[in-house]
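Undergrad: Read off the chains here:
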Amino acid sequence: MTTVLELRDLKTSFFTGDGELRALHGISLSVARGEILGLVGESGSGKSLTGFSINGLISPPGRVVGGEVRVHGEDLLQVGPEEMRQARGRKIAMIFQDPMMTLNPVLRIETQMRDVLAAHLKLSRSEARARAIAALDEVGIPSPEERLRAYPHQLSGGMRQRVAIAIALLHQPDMVIADEPTTALDVTIQGQILSLVQRLCRERGTALIWITHDLAVVAGIADRIAVMYAGRVVEMGPVDQVLDHPAHPYTKGLIASVPTRRMRGEKLQQIPGRMPALTDLPEGCPFQPRCSYVTDACRSPQEMRQIGPDHTLRCAHPLTEATE
Amino acid sequence: MTEEPILSVSHVSKRFGGKGDLLAQMLAALGLAKPRPQVRAVEDVSFTLARGEVLGVVGESGCGKSTLGRMIAGLLEPSAGEILIEGQAPAARMAKPAEGQGARAPRALDMQMIFQDPFSSLNPRKRVSDLIGEAPRVHRIVSPEDLDRYVKDIMDRCGIDPAYRDRFAHQFSGGQRQRIGIARALAVKPEILVCDEAVSALDVSIQAQIINLFMELRDELGLTYVFISHDLGVVEHIADRIVVMYLGRIVESGPAEQVFDDPQHPYTRALIDGVPKLDRRRVAYEPIKGDIPSPLDPPKGCHFHPRCPLATDRCRSEAPVLREIAPGRQAACHLITTDTDTTIKETAEWPVTKTG
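Heads up: the protein sequence lines correspond to chains A and B, in order. Quick note, the first sequence lines up with residues -8 to 315 if you use the working numbering. Quick note, the second sequence lines up with residues 37 to 392 if you use the working numbering.
Some hints here could point you the wrong way.
Said to hold, decoys possible - Pairs of lysine-lysine residues, derived as DSBU-like cross-links and limited to a Cα-Cα distance of at most 35 Å, are as follows:
| hint | chain 1 | residue 1 | chain 2 | residue 2 |
| --- | --- | --- | --- | --- |
| 1 | A | K258 | B | K225 |
| 2 | B | K313 | A | K258 |
| 3 | A | K243 | B | K188 |
| 4 | B | K162 | A | K82 |
| 5 | B | K313 | A | K243 |
| 6 | B | K162 | A | K258 |
| 7 | A | K82 | B | K313 |
| 8 | A | K258 | B | K188 |
| 9 | B | K313 | A | K2 |
Hints are computed from structural coordinates only; laboratory data are not their basis.
Please work from the sequences and hints to get the whole structure.
TA: Here is the structure:
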């Protein structure tokens, strides 16, 4: 398996009147060709910020302050703005949560798709149109010729998200980052989008990072999971390993708080408290105020370490069958 | 359940639009304007709810579940049908109790609503003690001397530190704000809570805290819930009975366990199959095709037929009625056949989602 994207110690900070707020504390992960990585976390964990940092979409007062974003070995943090523009869309593309915000409300779908094509390719009008129709057809939009003339508001939410996906895939990027693309959609439409993305990834070998707060969605489509908490990846590994044998107390708490049919009507296990604010992170492990396994060792910074084949963890007290 | 239902909803419908203002009506009468379209948001919905029961109302956007919730809570007038609480119509419950009947507040307060967005449902200019204490003070549920202690008790019960009662809503996190919303509803001692997507905006770990709070309150206070949500996992966890809605109509209802374990209506099956689950890995999703039709122009016959893999000619022309298919279970589908002994026959092969 060839590695498409590799993040090494990616750090992003915001510079405010109160000084530097460290939002990402060194993210390291990699995604291979055709692989789907689920990036899971609650609001404020830095999961979307990771996606934005990879794409070079952080604007002041935020800044990527360190690390590497390697796509096929090339570090995107070292290239100039023109090369970054070349890479965006062609090498990495992004799908956002709200397709109404990605699509321009006053332009027809055709205009928007032609613009994206023209960004990287010299095509005649009819060639561009043919490419756009093919792309819409591929994401399962019925009668694509007619849809090209439509404005975004004339389409339903699911259709809009399909158009956004078609646009993201126009240049056949190697890497797609999907930031909660189904969160705003209904269950049946979510199923359609999940099946579509799955199929496209498998057929084309596109690497995908699926950012979500919904563990169940990730369980359904991902090969590997990275769990984020307060700007750090705290646990990463194959889906079955992480969901069936979570080693980090936070991962275990997250899984236990999802209602499932096995415990209908029973009390859900809950993680006490909430995620600390960036301004007010404790020394050492950020999860310690909410953790029931906390000891003195948690007050010193934790490093990511290997605890199994392809299973890494940032915790002083890994949960095993014995401690559970 | 022999006792009288605490809530009874019979043949309730709600239509929006239609007539328009006076000018539009005059133009329409003169034939100068097209009649304005009418949305049938809720159509002929009936059910009853026993004391202490949790009713889950599920469905996708535009199915009318929120409109139904708002009608139950008294925020919208039904266009047809009636909603009785403890056998009383809303108007009777609005009446203030006669003087000297003790400190009983108007019965309309028996029904309280908890909203989805804890950010927009709390007045940003009021302190928490006012948000929670205003209604009991106005309705004289507690005396002014006892108000402070009363508010503290309720905050305590809902898991908010009473020391924060002089803060404003914006100083709390989303989960805490939802607790304030619950405390505000509980302050008037309601019997029924209508929760409209009350946990949908919250993070998973916070969502679990709020669901647990709802269940504790049910045990302690014997509350009855109408729990409206698009999240089937949450509803399955909390509800005793389920109503599944599609384009304004009930398509299936019954005890939660039976509906989730053995859904009968094709739409219910599609919904339940489509929900991602923690223990379903690398699923090959085989979703139901198509979009939810516009409620302005619902399909003829069964509303679900354009998306239904089992649709027949009869489904395209004739709307199925909601009928009993087993004791306590109802569904509206032509394809469900019932024997004389009212056991459910397997209707047809269903494209089950494959794992692998």
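Undergrad: All hints, please: hold or fail.
TA: Hints, verified against the model:
For the given pair, A/K258 sits about 24 Å from B/K225 by alpha-carbon distance, which is consistent with the 35 Å threshold. Pair hint B/K313 plus A/K258 holds up; C-alpha atoms about 19 Å apart against a cutoff of 35 Å. With a C-alpha separation of about 34 Å, the suggested pair A/K243 and B/K188 falls inside the 35 Å cut-off, and the hint holds. For the hint pairing B/K162 with A/K82, the CA-to-CA distance comes to about 51 Å; that exceeds 35 Å, so the pair is violated.
Among the hinted pairs, B/K313 with A/K243 is consistent with the structure: their alpha-carbon atoms are about 16 Å apart, no more than 35 Å. About 33 Å separates the Cα atoms of B/K162 and A/K258, which keeps this hinted pair within 35 Å; it holds. For the proposed pair A/K82 and B/K313, the alpha carbon gap of about 32 Å is at most 35 Å, so the pair holds. Note on A/K258 and B/K188: the hinted pairing holds, with a Cα-Cα distance of about 25 Å set against a maximum of 35 Å.
A C-alpha spacing of about 33 Å is found between B/K313 and A/K2, which places the hinted pair at or below 35 Å, so the restraint holds.
Hint compliance for this structure: hint 4 is the single one not met.
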